[in-house]
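Peer 1: Work the whole structure out from these sequences, hints included.
2 protein chains.
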Amino acid sequence: MAQDRGVTPRSENYSQWYLDVISHGDLIDDSPVRGCKVLKPHGYAIWEAMQRDLDDRFKATGHVNAYFPLFIPMSFLSREAEHVEGFAKECALVTHHRLRASADGGVEPDPASQLEEPLVIRPTSETMIWHMYGRWIDSWRDLPILVNQWANVVRWEMKTRPFLRTAEFLWQEGHTAHATRAEAEEETSRMLDVYASFAEEVLAIPVLRGRKSARERFAGAVETYTIEAMMQNGWALQAGTSHFLGQNFARAFDVTFQSEAGERELVWATSWGVSTRLVGAVVMTHSDDEGLVLPPALAPVQVVIIPVYKNKDRETVMAAVDALHAQLEGRVRVRVDDRDNLRPGAKYYEWEHKGVPLRLEVGPRDVKRGAAFAKRRTGGDKFAIPFEGAVERVEEILAEVQQALLETARRRLDERTYAAESWDDFVRLIEEQPGFYQIPWGGDDADEDRVKDATKATLRCYPLKQPPIEGLTCPLTGKPAREWAIFARAY
Amino acid sequence: MAQDRGVTPRSENYSQWYLDVISHGDLIDDSPVRGCKVLKPHGYAIWEAMQRDLDDRFKATGHVNAYFPLFIPMSFLSREAEHVEGFAKECALVTHHRLRASADGGVEPDPASQLEEPLVIRPTSETMIWHMYGRWIDSWRDLPILVNQWANVVRWEMKTRPFLRTAEFLWQEGHTAHATRAEAEEETSRMLDVYASFAEEVLAIPVLRGRKSARERFAGAVETYTIEAMMQNGWALQAGTSHFLGQNFARAFDVTFQSEAGERELVWATSWGVSTRLVGAVVMTHSDDEGLVLPPALAPVQVVIIPVYKNKDRETVMAAVDALHAQLEGRVRVRVDDRDNLRPGAKYYEWEHKGVPLRLEVGPRDVKRGAAFAKRRTGGDKFAIPFEGAVERVEEILAEVQQALLETARRRLDERTYAAESWDDFVRLIEEQPGFYQIPWGGDDADEDRVKDATKATLRCYPLKQPPIEGLTCPLTGKPAREWAIFARAY
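If you're matching them up, the sequences are chains A and B in order. Counted from 1, the first sequence has number 120 at position 120 by our numbering; the numbering is strictly sequential. For any residue, its number in our numbering is found by taking its place in the second sequence, counting from 1, and adding 1000.
Where hints are given, some of them may not hold.
What the hints assert, rightly or not - Cut-off 25 Å, straight-line C-alpha distance, at most; resulting in silico cross-link-like pairs (DSS-like, lysine-lysine):
no., chain 1, residue 1, chain 2, residue 2
1, B, K1347, B, K1368
2, A, K456, A, K479
3, B, K1347, A, K59
4, A, K89, A, K452
5, A, K159, A, K89
6, A, K347, B, K1059
It should be emphasised that the hints constitute simulated quantities derived from the structure, not laboratory data.
Peer 2: Structure follows, in structure tokens:
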């Protein structure tokens, strides 16, 4: 079992550390289908917590959920010129709809069941949804449409990494339709803010808001906005994107509306999404060499109570445990681990590796002094929490831990955002001290490719907050600087 | 637009009535992919409400959620002998993983990307999950596993009907693993009870609990238990199933555990599921010739408040509406319809067709007398609800409506459960007065087929509550009666 060896230290092998944290945390497992993973209960519970919180935020900003088909007619993918380049490549294709018995006693596709037009498993749903919006939109009265979908999508990936890159993954995709450009732009920006607040308030991940370069833009978008997070190794992780699609999809699917003035106009569009890769972002932002660390606001179990007793003390201890549980329940997400086939030490080990923020031990001596023995997942000595008023104290501690995780991550982001003076400087630094490099950028697409080829760093975004740049020269290209840009290696 | 013609009365054409209710209720739309529908926001919101309630019930009975891959290796489907018969037929097959540009400027599957082994889009996940359980289960300490999955599944269907039968649909599938037969049987029965309580308490659909005949059993199950509901036309609708799978899947996927006594034993299994077809069941149980009727416990919007005013009264009316809204919010699911591009009449029409249980109109005269003008979706005259104490009165009304819907449905189920004296009697009656026919059944599989061929009625279940049967003769076969069975035409 994985538990037999410890977690590989970050300093030794960061990639292996990530895999170990996930495996010890019991988050995910390999499946017999290449590129597809199984989200185990604890991993899925983290995604569920994200879903619940995000869904509330989407609804609070006027959105409703809907569900569109998994299958997209193949021809749809070639309707929007740039979209086809970006998505009509590595995708799963359904070509038959029936199995028949084969000579060897197994089954095989029935050739008679070949589809006239293959179906693509959605890699994203713009094409299907804009086809449908064409049926739903006729007048300005039908606008805006503010729809979100929770769904699975598939992008055939050769090299996978748990949560960060898998063939099938879970996500949400918002797709909105508007009467005016301004309204669609406002929506794009609103949803970027929703993602950023969610990341900071719930995931305790500070993010940089920015605009993508043309090279890194969503295929079919006019502008792609992003929130970029920094992992502990200084690499960037794109944590969410919000796209202003202009009228590209309306044009491709012929979606027009009659304006209040009586004119036929093309509809304006946005789309925005986050996925299960956010679980990977949480793992890589907060975990340590002991394993998973979950921010309290996200943790499916915030507090675990572990009774510690010999048989004669069972009743006394369990009475205190039950009372403590009753006091906490409803206010915090609490679990009592009363399994009697595991020793306390094994339980501590398991819950630590599952990233539970706070552990409360209750033994006969604790009952006597009227306090639980507490241990934060994030370190420090054990300390007593009196049963009386425990819930307030626990809430306080969870809030402190949440705040501390955010601050640590924010400090990392600040401290590891660097400058580079020249091409050579950058090439050396990005290797020696990975981080975000804030560059007064003057390059073009070809320059961007050159940086990527030489350093594996990409232009993560043009930060929305731009310091003054007039008169500066781009250190990487020697050209006049046009806009501040962040370069980093990225997942 | 669909709104231009009314809903077809049930008495005129029941099938068309069903389609009209769904279309006027704005629940679903056709998609460009044959057999796949789009769940529009109002239709999806009903499914979301079901999900939320069921998920709570699953968790309260000790289950956790997880997520398994969409794709199943083709060979898995032939591992369990009966399962292959039932599921390895009409299913979507992925054979390629890349598109390339085609000569005509479109795209086509790249022949070089053909998969070595085709992948099946899951029609149900027993095979994948039992493959994984084989990795997770080693000792009695690993049991039970109580996992549920919310997912989309695909069964290629030629004849579809919105919600009731579509190629892709949404569902939940529980898959549990146990150390003993007794424990697995207990789980099967527990989940049937969960479904039955949910149907009665939330959907206001009374159900008959029963056991399926061998002919109607889930492919791979030892026993399938079902909850059967009766639609307004007397047809049956299988609303949920819970399967005792014995050791069939453990055997097929070689899943054993070391028992406390130190023996290697095969694991015992259950699976259980309900799907978006429950939305169809709700539609067909409660709706009337005016359109959709939703039970309050399920309705995404329970109360709609509609301000009615001329411009000069706007402020007065909206102040009262806002206060009423504030009073109701948090206690009931309330929506204010303050769209100013629609007349009140059009709003009444829309919300009635969306099945909202209670409408509150507030105009200047209502403000003056301090009461809203109320209308139940289920009929009766308009009546006043004083603003003071409105929330208690509204909660009372919603509870009454919920109860009344359940009672009406229960009366229908009771009144339309019939007996038949002979084969000829049954053949005539099932046509003239469709309903549930409770038969002291003595037939075999071939007899069951004969009944189906002659009458389109199927053996829905052997009710769990069995009246005495000793000495009776089966009226359909003339054989000695073995067990009471319900026959009906079914969706």
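Peer 1: Give me the numbers of the hints this structure contradicts, sorted from smallest to largest.
Peer 2: none
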